[in-house]
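2 protein chains.
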Amino acid sequence: MLSQVVELIEKNNDFAITTHIKPDGDGVGSSLGLCWLLRSLGKNAEVIVRGDVPPSYASLPGAEEIRDVSELNGNYDAVFVIECSDIDRPGIAGLEKVFTVNIDHHATSEHFGSINWIDSTASAVGEMIYNLCKAVGGRITKEIAECVYMALVTDTGSFHFPNTSDRTLKVASELIKAGAKPSKIGEAVYYNYPWSRIELMRQVLSTVRRDESGRIAMMRQTLEMRENAEAIDGDNNGFVNIPLAAREIKAAVYMREVAPNKYRASLRSKGDINVARVAEKFGGGGHKNAAGLGVEGDWDELERDIVAALAEAIKASSE
Amino acid sequence: MLSQVVELIEKNNDFAITTHIKPDGDGVGSSLGLCWLLRSLGKNAEVIVRGDVPPSYASLPGAEEIRDVSELNGNYDAVFVIECSDIDRPGIAGLEKVFTVNIDHHATSEHFGSINWIDSTASAVGEMIYNLCKAVGGRITKEIAECVYMALVTDTGSFHFPNTSDRTLKVASELIKAGAKPSKIGEAVYYNYPWSRIELMRQVLSTVRRDESGRIAMMRQTLEMRENAEAIDGDNNGFVNIPLAAREIKAAVYMREVAPNKYRASLRSKGDINVARVAEKFGGGGHKNAAGLGVEGDWDELERDIVAALAEAIKASSE
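Sequence lines, in order, name chains V and B. Throughout the first sequence, residue numbering follows the numbering used here, covering 40 to 358 in sequence. Throughout the second sequence, residue numbering follows the numbering used here, covering 40 to 358 in sequence.
Read the hints as simulated data drawn from the structure, not as lab findings.
No copy is singled out in the list; a pair is fine if it fits within one copy or between any two copies.
Cross-link-like lysine-lysine pairs, in silico, DSSO-like; alpha carbons within 27 Å at most: (1) Lys223 to Lys209; (2) Lys327 to Lys354; (3) Lys309 to Lys223; (4) Lys209 to Lys181; (5) Lys173 to Lys216; (6) Lys220 to Lys354; (7) Lys209 to Lys220.
Isolated chain V, as found in the complex (with noise of 0.2 Å):
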């Protein structure tokens, strides 16, 4: 509960912030934009993250201080643990023995905290740490307010995705006052990756395709163009997306080979077409609209099947 949060906070000094590994901008965001406020507060605060932070996230303020851990090793009051449903999430050994803050916007949560703030009607934590500022008295500054808005608008897509609320913008709006610069935080992440991710789209586009039908589309990627490209991970990042701009692709798989005859795929769909069913009947799992699962065997017939479970679930929906 917020209540519960504003009254750790005003009681104790010495804070750690961290979140889920291999973090996204609502993590990074959320996590600093966190870390920022309690400063603000007079505070103690760090954030510690296990692995490296996207080149995405990199620029922002406090971004260079965020200490890469594998083990908790300092000595906290509390540690909140951002956007994770389980405890183990963030990789860090040591965090179910002390006092955590779980802060989370997906229904889902496991509750693991010693206490849990869970709001499923923000778009984003950031959304949440909006909030928090605002019941702790806290003034938005420049720091806090570029990291939450980064929050914003990577878990948001640009404020597009159905989690886009009113209040959302108005927040967002809040954060622009206070500093926060639209065409930075949109260059930091769109146009901010290495040239491999133009080598490695051009090739996986080569391979773009529909199905009879006409309505589902297939793309792949060999482990050949990855090496050709030079390619690192995210670099592919929402290549699964780019045959959905067609109106008539209501589905589409991209298939990744990861070792020989082992691949991965992701699954995306418009409107109520559930490929997280889809993603179930192979082993994996997701969202309604992007789901995705692991598989082995041959290629075509594995892609053939999997085609063939889109079209059925295309056909289960109204579209």
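Mind docking chain B on chain V? Use the hints.
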């Protein structure tokens, strides 16, 4: 001035609204938004545009009623002209003879109207229509909200161009409250192309290269590619921005063969690199970060010249 516009509306009954040919989202969205506003005040109003309304905006409420006219043929007390630099931009004969209200957010407007309401601090004319609604004491209906939201989204590049202000997002927030659905509008704009866009993108992207400096990207589109893809106008919207996703790339040129030995080139840049000046050298023009030009001659040679001019522009900048 806004007060003059309010007075005009209060004292009259029959209005037409028009915008430039090949209208963008701000042109269509603001025109329809204003039309719904006038109707909600009990006035007669219709939108007239020369030529077709692009498919991205066809799902807006009222879009199906837009009349395609080349000559003014109604009996109007006044005609609103939205987002036009001069009286010829709508391509409608007879406009120069009637009472016109010029509403624009470009400081370069020629003040051609009987009334001129220019607000260069507005991110889109849509923002001005919202302000007009407030000024006349109107209610933001669901129809007005959807149309004006479209104007904001398209003119701000989904709220991350530098023109996005705290007021833009405040207005957008109010529009969502009034019934605009960000995901529905985003889908209409970004997921509403024909499949030919994907076919064309595949072919165009197959030509992407960098210059020796690694800072300038080049892409080409032949007449044959357009034919192969069975592409239509607008299918290549935004292609020129694709290579800019790489942080190393500071400027990009995308050349389209429009006839044998005749080419249109789009230029894009980041930061303070001025491609309008580059375009001017070749008889074209535009804005600092987005410009265009037409040239004739040998393709390789022309591309070399443009890349050399872009390299100069990068050198003259702080990038």
